[in-house]
Amino acid sequence: MKKNLSIGLSLKLSLLILTSIGPIFAAVFAYNYVVSRRIVVRNLEKSARNLALATVNRIDTILGGVEKVPQNMAALLENLDPHDRTLEKMLRAVVRENWEISGATIAFEPYGRGPQRKKCALYAYKQGGRVHLTRFSYDYFYRDWYQIPRELGRPIWSEPYYGAADFNTLMATYSVPFYRREHGMRKLAGVVAADISLAWLQQTASAIKIAKTGYAFLVSKNGTFVTQPDHNLIMNETIFSMAAARNDPSLRALGRKMIRGASGYVPFTSIHTGNTSRCLPTAGPWGCCTRAGN
Amino acid sequence: MALRRGIYRKHGIDLTILPGGPERPSQTFLAEGRADFGILGLSIAISMRDRGIRVFNLAQMLQRSPLMLVAKKSSGIRTPRDLDGKKVGLWGGLINQAQPWAFFRKFHITPRPIRQSYTVNLFLRDGVAAASAMWYNEYHTILMSGLDPDELTTFFFNRYGFDFPEDGIYALEDTFNRDPELCRSFVKASLEGWHCAFSHPDETLDVIMENLHRARIPASRVHQRWMLDRTWDLMAPKDVDGTEGMLREKDYLQVSRILFERGLIRKTTAFGEFFHPWTGRTPGK
Chain A
1 MKKNLSIGLS LKLSLLILTS IGPIFAAVFA YNYVVSRRIV VRNLEKSARN
51 LALATVNRID TILGGVEKVP QNMAALLENL DPHDRTLEKM LRAVVRENWE
101 ISGATIAFEP YGRGPQRKKC ALYAYKQGGR VHLTRFSYDY FYRDWYQIPR
151 ELGRPIWSEP YYGAADFNTL MATYSVPFYR REHGMRKLAG VVAADISLAW
201 LQQTASAIKI AKTGYAFLVS KNGTFVTQPD HNLIMNETIF SMAAARNDPS
251 LRALGRKMIR GASGYVPFTS IHTGNTSRCL PTAGPWGCCT RAGN
Chain B
1 MALRRGIYRK HGIDLTILPG GPERPSQTFL AEGRADFGIL GLSIAISMRD
51 RGIRVFNLAQ MLQRSPLMLV AKKSSGIRTP RDLDGKKVGL WGGLINQAQP
101 WAFFRKFHIT PRPIRQSYTV NLFLRDGVAA ASAMWYNEYH TILMSGLDPD
151 ELTTFFFNRY GFDFPEDGIY ALEDTFNRDP ELCRSFVKAS LEGWHCAFSH
201 PDETLDVIME NLHRARIPAS RVHQRWMLDR TWDLMAPKDV DGTEGMLREK
251 DYLQVSRILF ERGLIRKTTA FGEFFHPWTG RTPGK
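First to last, the protein sequences are chains A and B. Per my numbering, the first sequence runs over residues 1 to 294. Per my numbering, the second sequence runs over residues 1 to 285.
For the record, the hints were derived by calculation from the structure and aren't laboratory data. There's no promise every hint is true.
Said to hold, decoys possible - Every beta carbon over 10 Å from chain A, so not counted as near; a handful from chain B, in silico:
hint : residue
1    : 87
2    : 101
3    : 157
4    : 158
5    : 222
6    : 251
Unchecked claim - Pair ranges (Cβ atoms, derived):
hint : chain 1 : residue 1 : chain 2 : residue 2 : range
7    : A       : 250       : B       : 151       : 56 to 62 Å
8    : A       : 37        : B       : 76        : 36 to 42 Å
9    : B       : 107       : A       : 114       : 49 to 55 Å
10   : A       : 182       : B       : 112       : 39 to 45 Å
11   : A       : 118       : B       : 53        : 50 to 56 Å
12   : A       : 37        : B       : 213       : 42 to 48 Å
13   : A       : 183       : B       : 174       : 33 to 39 Å
Stated by the list, open to error - No more than 27 Å apart at the CA atoms, straight line, and that leaves these computed lysine-lysine pairs for DSSO-like:
hint : chain 1 : residue 1 : chain 2 : residue 2
14   : A       : 89        : A       : 68
15   : A       : 257       : B       : 188
16   : A       : 187       : A       : 89
17   : B       : 238       : A       : 119
18   : A       : 187       : B       : 188
19   : B       : 188       : B       : 267
20   : A       : 68        : A       : 12
21   : B       : 238       : A       : 187
22   : A       : 257       : B       : 73
23   : A       : 118       : B       : 73
All residues carry an ideal CB built from backbone N, CA and C; glycine is no exception.
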């Protein structure tokens, strides 16, 4: 009887201690978990941010180098009016000497090269290891690469497009308007443009991996996918058409931030996993978004 | 869908669909006899008649004009008068510009026309204050480039009394006289094809996407779905009854009058000489 009472008491005591300590342990574990998770997430996001910034800086450095070439040519053409033969040599040299540039154009305003010549656009391009030269016979005045910098009065990157020679190569053109003085007035004389392949840009963004599921993707100013783990989306969809297809306002909100170059993490639902994720848009001529891993 | 589902074949027609586009205008193919049937906008067809190319409307597919101007509210454009003196993107060709200029004249405004390319990028980059757009195409492209509907001011010409119906099925008089039965069957099969497309939208979109991929044209299913849905809205407007395939005389007369007033045509053709519904009625009789 005494033994039974003793067992009962120790059992009760043990239960009492366990039920008292249990919640404390649980609270400590939960706190640890939350804090550790926060630290991991913070580190991941910091790593994603650093990667995004490093990538954008690398992209900017290369694009900046490309931009300099037509900018310098435009500056030259504002002060000189070379003969066609000289322009051809200039274009050939520019394309030959710059590995990033696959083609370059000097195009003039209608009748800018004389009353008999409505169109004058010279184009040098690389093909088969050689530099070729041609002239545009179409009305280039109304093509985006010419018309947009003309109307805006400033240089601009085009939307990406597939190359005419190689449909699988994504290209973009940087166009710079140039001006001359006529009767004391500054007047548009034409546009200089440089074409680049975006293959390196796609490789740079595709190489970014954060934890198990983090990645980066690029969109154009219109929100068109330039890089994406799902290659079917590239050039076919914009981030906004994907948002519409998925009825996902968070994706549309992310896209709007990306094309406006907003900063700070944005929550959205992953296109691939369907999980809630956070994505970091980064400023630049191409909207870059780095998605931190789960 | 009419071709894919064998509807043309069922009607005894063996045909090839020639891809169109800005570089391959159907009016040229039709006028040169390189195509037996073509899809033309009403204003283009009227101007062809004026130039002596005897095209006949066999069926009017779109009953309403999808043409509109789109502006960003952020540019301060809220009313038509806000466009005065502003740069406005207009597609090339005087006939194509008849509708916007009639609209500008109504409000006594003189915008600065800028020829618009095949994209809306100039508008998206703020190179023009307003752009021309088809409701079924460019308008949606603008939305799918990140602008919200409430950020845009839209001017639908059909709401301002300038409703130029667009796509109709046309043939040359020779084709009609030579084989009115073929014309009748072609229209019948085409309408059946459209009905099939609207009642099987997923299959239709599969066919469209397949064709676009084959032609190596970037394509979004969401955009194609919008185009299909808006085409239905334009073919069968809810406020217009029993007009499938019919060209309304008042629409024809209005378009003719505006083109005439703008000096784009020298004479108008009688309605009965222009529209020959697929009943097989002989032209002009």
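Here's how the hints hold up against the structure:
1. 87: The claim is violated: residue 87/B sits with its nearest Cβ about 7 Å from chain A, within 10 Å.
2. 101: Given that every Cβ of chain A is farther than 10 Å from that of residue 101/B, nearest at about 19 Å, it holds.
3. 157: holds, 22 Å
4. 158: Since the minimum Cβ distance to chain A is about 25 Å, residue 158/B lies beyond 10 Å and the statement holds.
5. 222: About 4 Å separates residue 222/B from the closest Cβ of chain A, which leaves it inside 10 Å; violated.
6. 251: The claim holds: residue 251/B sits with its nearest Cβ about 30 Å from chain A, beyond 10 Å.
7. 250/A to 151/B: 56 to 62 Å: violated, 19 Å
8. 37/A to 76/B: 36 to 42 Å: Roughly 49 Å apart at Cβ, these two residues miss the hinted range, so it is violated.
9. 107/B to 114/A: 49 to 55 Å: The hinted range 49 to 55 Å is violated for residue 107/B and residue 114/A, with Cβ atoms some 41 Å apart.
10. 182/A to 112/B: 39 to 45 Å: violated, 21 Å
11. 118/A to 53/B: 50 to 56 Å: violated, 28 Å
12. 37/A to 213/B: 42 to 48 Å: holds, 44 Å
13. 183/A to 174/B: 33 to 39 Å: Distance hint for residue 183/A, residue 174/B is violated at roughly 56 Å.
14. 89/A to 68/A: holds, 18 Å
15. 257/A to 188/B: violated, 49 Å
16. 187/A to 89/A: Between residue 187/A and residue 89/A the Cα gap is close to 25 Å, so the pair holds against 27 Å.
17. 238/B to 119/A: At roughly 49 Å apart (the allowed maximum being 27 Å), residue 119/A and residue 238/B break the hint.
18. 187/A to 188/B: Distance ~57 Å between residue 187/A and residue 188/B Cα, so the pair is violated.
19. 188/B to 267/B: violated, 31 Å
20. 68/A to 12/A: violated, 82 Å
21. 238/B to 187/A: Violated, at about 52 Å.
22. 257/A to 73/B: Roughly 19 Å between the alpha carbons, so the hint for residue 257/A and residue 73/B holds.
23. 118/A to 73/B: Between residue 118/A and residue 73/B the Cα gap is close to 37 Å, so the pair fails against 27 Å, i.e. violated.
Figure legend: structure checked against the earlier numbered hints; hints not met, in rising order: 1, 5, 7, 8, 9, 10, 11, 13, 15, 17, 18, 19, 20, 21 and 23.
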